[in-house]
Amino acid sequence: MMKKANRRVIPGFGLSMGVTLTLLSVVVIIPLASLAIFAANMSFGDVIETITRKRVLASFEVSFITALIASLINAVMGVILAWVLVRYDFPLKRLLDGMIELPFALPTAVAGISLTSLTADKGLIGGFFAKFGVKIAYTRIGITVAMVFIGIPFVVRAVQPVLEKLDSSYEEAAAVLGASRRRTFWKVIFPEIMPAVFTGFGLAFGRCLGEYGSVVFIAGNQPFETEITPLIIMSELQEYDYASASAIALVMLAASFLILFLVNLIQIRNSKILKGGGSGA
Amino acid sequence: MKKNIKEYIYKSFIAAAAVAIGVTGLTGCSQNSAEAKSDSISLTNVSYDPTRELYEAYNKIFAEHWKEKTGQDIEITQSHGGSGKQALEVANGLEADVVTLALEYDVNAVRDAGLIEDGWVSEFANDSAPYTSTIVFLVRKGNPKDIHDWDDLVKDGIGVITPNPKTSGGARWNYLAAWAYADKLYGGDEAQVKEFIKKLYQNVLVLDSGARGATTTFVENGQGDVLLAWENEAYLSIKDYPDGYEIITPSVSILAQPSVAIVDKVVDSRGTRDAATEYLSYLYSDEAQRIAGDNYYRPSNEAILKEYADTFDLGINLVNISDFGGWDAAQKTHFADGGVFDEIYEKAD
Amino acid sequence: MHKESKLVKGLLIGISVLFVVLMLLLPLITVITEAFKQGFSVYAEAVSDKYTVKAALLTVEATVVAVLINTVFGLFAAWLITKFHFKGKKLLSTLIDLPVTVSPIIAGLIFVLTFGRQSPLYPLLERYDIKIVFAVPGIILATVFVTFPFISRELIPVLEAQGTDEEEAAALMGADGFTIFTKITFPHIKWAFLYGVVLCAARAMGEFGAVSVLSGHLRGKTNTLPLHVEILFNEFRYVPAFAVSSILVVMAVVILIARSIIEYIGKRESEDVR
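Residue numbers (the numbering used here), protein chains in the order written: chain A, 1131 to 1411; chain B, 170 to 518; chain C, 14 to 287.
Simulated from the structure, these hints should not be mistaken for laboratory data. Every value quoted in this text rests on a predicted model; they were computed, and no experiment measured them. For each residue, glycine too, the CB sits at the ideal point set by N, CA and C. Any given hint might turn out to be false.
[Stated by the list, open to error] Here are the simulated lysine to aspartate or glutamate pairs, EDC-like style, with alpha carbons at most 16 Å apart:
id : chain 1 : residue 1 : chain 2 : residue 2
1  : B       : K434      : C       : E276
2  : A       : K1184     : B       : E515
3  : A       : K1252     : B       : E389
4  : A       : K1295     : C       : E276
[As the list claims (entries may be wrong)] Covered stretches of chain C, going by a simulated chain B footprint (3 or more residues, C-beta under 8 Å):
id : stretch
5  : 60-71
6  : 213-222
[Claimed, not checked] A few chain C residues that face chain B, going by a derived Cβ cut-off under 7 Å, partial list only:
id : residue
7  : F49
8  : V125
9  : G129
10 : F147
11 : I244
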């Protein structure tokens, strides 16, 4: 019953809807639609044939697995980093905090070249791991490393503001009532930051999936082994095959859309639960 | 008081954003207004990656030459990038008066977009290739793996670095050079040639997306034993690290012909045809040919090529792209989806 | 503050520091050492090169415009999504996020398809001599695209957590939208907003893939810093390429210092009020 009243109470619905939809159409919807139009130049059978070529399928596998692992690592590390940055004081904390955006500012190609030289078996980190017979650069591990690099700011910066705003009175209450720290974290804090974690995870996953600049340098690009889907799109473009490129691009787009949609679904449901619980208390 | 200031800040934010959107629109319109003054003229040369120094030097002498000839000042804007990508951009509306790309196939793509007229290949001498290059091997100093010719590359335990011919136009020459060797070796038996190529690419450790990426993999990151490279690029690596590497010239290689062409549609609408034509034909002058030689491209002028006999191995046996039936045919057989290059990897699976 | 066991605290800080050093600091150090590998004069020459300066200016222009447009969009979109219930909200919010997950190559491609020679719009643009692709507007569009959701994404979780009770109360008391936003909502989201702006700016100046497809790489005209880096690299000029990258690092550091200062002053102020 609250919902109905809600709609009219706060002003600005029309204006904000107008601005949002206009900009969204110009920047996102119309350009993306032209992709669909170009893919539609092919018959449906051709599209299916293009996207089910063995090599393309193998590249989907490479891209999805590495992006998934990388964004899982990002989710875990992102929460830890955000937690440390918000809750603890220690020397050079500001510096640590400031480093987080670095992966955004550094051109992806530069990041790729630097990471490759570090993780190649002659490099500083790669040399260390090479002793244990682990190759990083030019393998799927390398791809994952590059993806972790480019995806980390998403999770940290999504979780950090929420943690900062989090009212510590619940936690204190929980502690007073004798809950252990671990229990407090999982029962009190985690549900609060979960939507932000999901957002960060979803964005990082999508970004990793589509990343090209940094990954091509570290990947080795062996067909079936370390060839990512964006590289396949690039090679279709090199052959001036817009239709195939658009078709493969559409698959990736659909995948990102689906993931984001699921994340948003979870997030909105979750915030409803939270709000219900909050107002009841 | 404080609140007023805050309000002011919010409002100015929104105003600034509105202005910004406006400015974006305006820069679009004002881009092209300052053109076609008669005492000066401008050209855009869309080229591929490692030609920057070549054209930097050439643009200087051409500007002098043009001034002398017509009294006009000429300004040349350069654009460099992967050859295929550059062609694609011109086809999509990048306003280039001339293109100077890595291979004929890429110029054909611009032609297919309707911007260049048929028969451009014969517009200038030597198939419109004022300078050429070839594919050579770059190995580590002292040649520890004893690599001398293509058949050494398919031996076990040899790590080869070459870019992916599907994403790098230049790398298609590498592949075709290897094919030319195997073709001679097996007297044209295609099954054996394919087997040779397959073995070669099984030895490839890293398939970078472009020539420069491959060089970094080999030089900076120390991967592999041999880099397949354009001759001029191999010399650039030697120049950077004179003690680290040496160049091995194989017995057979391919004559890599970077093509130049006038973009007819653009020069006609901008009224720059004369300047563009002179720009490309002056590439064949003695001065320009020497600039090409200084930048490790082989001059197409035989007499001047001989002046560089110390640099280039002139005894190399070079096959031509026409031996593959021209670029359109070579592209279709080897590099298109489902072509031979895909096949050797499919089977490897 | 809570009594955290020392062990947990130490462990978490340790993990964080290790991660940041390995994943972020080492690549940064690599960039800097490569940049100075041939001495300071080579560095200075690369950085003060005419084309580098032009590229830097263009990068700043694209970044500023992208931040401004995304600020407008982000504020309105976040307000819309968190303060109202309407049909298609999930779809809308997914569409807003989509640009981040679109491969930069595809991002560039779609603008080429929309405004390039193959587009049905092209004759119209040509008639009025409007250039979008392979010109500055294209670069700006691409930059806006890749950073599109950054500000709204930062604001939405905070606004979600905050709920709508305060705004509703204010609205019932007769406050107009602008007042509600500036007096009630904004103080809650100002730090998230700041993060959003910083993220957006950082990403905007580092963007490479999409801009690369759209720029045409015209030296001194449509080259941004990341593209200039790519070109130098491809021209076998390894050291200058890293030198130019270091400008981007410096720009990022400047933005981050600015953020820290704003944050510091802001937090001190709010403590004074208390």
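Each hint, compared with the structure:
no.	hint	in the structure
1	B/K434 - C/E276	55 Å, violated
2	A/K1184 - B/E515	8 Å, holds
3	A/K1252 - B/E389	9 Å, holds
4	A/K1295 - C/E276	14 Å, holds
5	60-71	violated (count 0)
6	213-222	violated (count 0)
7	F49	16 Å, violated
8	V125	5 Å, holds
9	G129	4 Å, holds
10	F147	4 Å, holds
11	I244	5 Å, holds
When each numbered hint is compared with the structure, violations occur for hints 1, 5, 6, 7.
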